[in-house]
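Using full-length UniProt numbering, read the sequence shown as starting at 1 and increasing by one per residue.
Rather than coming from a laboratory, the hints here were simulated on the basis of the structure. Treat the hints with care, since some could be wrong.
To be verified - Okay, derived cross-link-like pairs now, PhoX-like style, lysine-lysine, Cα gap no bigger than 25 Å in a straight line:
1. Lys434 to Lys351
2. Lys325 to Lys296
3. Lys264 to Lys190
4. Lys434 to Lys479
5. Lys81 to Lys71
Just so you know, these numbers come straight off a predicted model, no measurement behind them.
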Amino acid sequence: MDYLQKIRSSVAAQVHSVAAQVNLALPGNPILREYTVGQQVASAGPGLCWKIFSATRNSTKQDVAVWIFEKKQMENWLKVKREEFSEVLKRGVSQLTRLMHPRILRVERALEESRDCFAFCTEPVFASLANCFNDFGNMPSTPKCLKDFSLESIEIRHGLFQLSEALAFLHNDTKMVHSNVSPSSIIINKKGDWKLASFDFCIVGVVSTQDKVIFEIPNWSRNSISALCPDLDFVSPELVQGDTFDYSSDIFSIGMLAITCFNKGKSIMESQNSFACYRKMFENLRHSIPSILQNKNVPEELQEALSKCLNPAPEQRLPVIQFTKLKYFEHPLVKTLNFLDSRNALDVSQKIQFFKSLPNIIPQFPLRVQLQKIYPHLAGEFGTPILIPFILESVFIIVENCNSEEFVEEIMPSLVSVFPIQTPYQIGLLLLNKVDLFLKKMPTTSLKQHLIPLIFNSLSNESTKIQELCLMELPRLVKYIDREQMHTQFLPKLLRMVLEAKENKVLIFLLFFKNSNEFCKIPKGFVSFLRKSVINVCGVMGFVLGFLQATDVVRSSLMANFSFAFQKARFRI
Numbered sequence: 001m002d003y004l005q006k007i008r009s010s011v012a013a014q015v016h017s018v019a020a021q022v023n024l025a026l027p028g029n030p031i032l033r034e035y036t037v038g039q040q041v042a043s044a045g046p047g048l049c050w051k052i053f054s055a056t057r058n059s060t061k062q063d064v065a066v067w068i069f070e071k072k073q074m075e076n077w078l079k080v081k082r083e084e085f086s087e088v089l090k091r092g093v094s095q096l097t098r099l100m101h102p103r104i105l106r107v108e109r110a111l112e113e114s115r116d117c118f119a120f121c122t123e124p125v126f127a128s129l130a131n132c133f134n135d136f137g138n139m140p141s142t143p144k145c146l147k148d149f150s151l152e153s154i155e156i157r158h159g160l161f162q163l164s165e166a167l168a169f170l171h172n173d174t175k176m177v178h179s180n181v182s183p184s185s186i187i188i189n190k191k192g193d194w195k196l197a198s199f200d201f202c203i204v205g206v207v208s209t210q211d212k213v214i215f216e217i218p219n220w221s222r223n224s225i226s227a228l229c230p231d232l233d234f235v236s237p238e239l240v241q242g243d244t245f246d247y248s249s250d251i252f253s254i255g256m257l258a259i260t261c262f263n264k265g266k267s268i269m270e271s272q273n274s275f276a277c278y279r280k281m282f283e284n285l286r287h288s289i290p291s292i293l294q295n296k297n298v299p300e301e302l303q304e305a306l307s308k309c310l311n312p313a314p315e316q317r318l319p320v321i322q323f324t325k326l327k328y329f330e331h332p333l334v335k336t337l338n339f340l341d342s343r344n345a346l347d348v349s350q351k352i353q354f355f356k357s358l359p360n361i362i363p364q365f366p367l368r369v370q371l372q373k374i375y376p377h378l379a380g381e382f383g384t385p386i387l388i389p390f391i392l393e394s395v396f397i398i399v400e401n402c403n404s405e406e407f408v409e410e411i412m413p414s415l416v417s418v419f420p421i422q423t424p425y426q427i428g429l430l431l432l433n434k435v436d437l438f439l440k441k442m443p444t445t446s447l448k449q450h451l452i453p454l455i456f457n458s459l460s461n462e463s464t465k466i467q468e469l470c471l472m473e474l475p476r477l478v479k480y481i482d483r484e485q486m487h488t489q490f491l492p493k494l495l496r497m498v499l500e501a502k503e504n505k506v507l508i509f510l511l512f513f514k515n516s517n518e519f520c521k522i523p524k525g526f527v528s529f530l531r532k533s534v535i536n537v538c539g540v541m542g543f544v545l546g547f548l549q550a551t552d553v554v555r556s557s558l559m560a561n562f563s564f565a566f567q568k569a570r571f572r573i
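Turn these sequences into a full structure, and let the hints steer you where they fit.
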């Protein structure tokens with residue numbers, strides 16, 4: 001058995017080796033054959049060397065981001081430097097692939113190498129933090145979504161909290177120092193979450209015999225190429241000087257990053273990745289940290305904590321666990337976003353209570369946060385019909401705030417999945433009450449494809465209230481019903497409603513809608529037949545009783561030449 005196992009292992013290794021050689025020999029990268037790559041959306045990594053593209057997996061149509069490093073970027077380097085940097089990138093992606101945590105960028109497809117490039121896939125990306133700070137290195141142009149871009153205060157607050165949780169995981173669970181917590185290493189995904197990435201310079205500790213974690217001291221100062229060392233504007237002084245270091249080095253980095261966020265993306269170091277320049281600038285800065293914090297728009301509640309994070313003495317800095325528990329992160333809006341992040345761990349009753357209160361909180365968020373950070377969580381619950389009535393009010397608030405383009409791109413693709421759901425009946429009621437909103441935001445083709453079927457389904461709904469709402473909205477919607485739909489779906493459902501109706505108020509609508517100009521598409525012969533059916537079903541007394549149950553506004557409307565002004569009225573049910 002051992003002999004067979006050795007043969008099997010040997011064959012597997014040879015197959016893997018041959019496959020790797022074939023991939024290198026074939027033109028192009030294997031990932032570029034498996035994914036349809038779109039436009040470049042970001043750049044990230046050491047020196048922003050990675051180009052990040054939106055992409056779709058060919059087999060599953062899953063949205064991803066494809067990261068590509070073109071080897072021609074190194075064509076003017078010495079061979080030894082090219083090989084060294086290639087190993088740095090491979091190691092970084094390998095570490096990222098192994099790490100699984102909600103605050104660390106998720107890899108969807110491992111690294112593949114070809115003759116001309118490296119490539120791998122991650123979850124969809126919005127931008128790197130460096131791009132958000134107007135650093136568009138290695139990009140052909142400024143993406144439309146980043147023109148005149150500036151971070152909102154709640155985005156900074158929640159983003160720093162998410163990064164601190166990522167560092168807590170690295171320090172406590174993996175015994176690792178990232179050592180390059182900088183804008184080029186932080187990715188903002190499509191949902192607006194800040195994710196830690198670019199583990200090219202991470203250092204894994206070794207547990208000594210005294211149960212103490214020891215880290216090997218890197219010697220980055222020998223590198224003449226800046227991409228072969230971390231971004232010095234954010235590196236701790238002990239790492240630059242080659243001294244003993246520990247987890248507190250990352251705390252220094254997140255402190256520098258926080259100041260940069262409040263300083264409109266400008267670092268207070270500006271070392272130009274020169275070790276000599278860094279040492280000189282740090283000597284000038286170490287005694288002026290308090291005044292810098294006051295002058296760089298850092299919130300007062302965060303100044304003391306950042307002063308400790310930037311202490312030149314590593315042992316005086318805040319532990320990462322204390323950083324995650326800062327009062328600065330106890331803001332109600334941060335708690336709301338954290339609650340949404342943890343919603344999968346909650347039961348239905350807890351979710352219902354939360355979604356009931358959410359409409360009071362949503363208006364406090366900027367629109368970008370509503371679209372990026374809140375709506376995806378709401379849409380994620382559309383698969384649980386019992387929750388949808390409690391979610392829709394919050395969804396409608398976001399829809400009202402966004403423009404038609406944002407609605408079509410960000411909200412409509414998932415929201416229309418709710419339209420066919422008929423149970424619980426409150427879903428239909430809420431949607432029909434927002435027909436005005438849909439008419440403003442949805443293009444005509446989408447109205448015909450999604451809203452008209454909602455109306456057809458509502459005509460067959462058992463709820464009289466839904467039927468009435470549906471009929472009240474019909475005058476504005478009938479023009480979107482084509483001839484075939486009119487004869488095969490709308491008219492048969494309308495006749496069935498008359499024959500099966502139990503409430504006279506519904507029949508009153510049916511009896512008088514023919515006088516509205518909007519219903520000119522309906523054949524006159526069918527209208528006459530429908531009126532006779534109404535009289536036969538409810539009789540004269542039934543009609544009179546139904547008329548008396550209607551509101552004064554409706555009665556006046558009916559008497560005034562059968563005008564359709566009553567479509568705005570509401571009935572007592």
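Going through the numbered hints above, which ones does this structure break? Give me the numbers in ascending order. none
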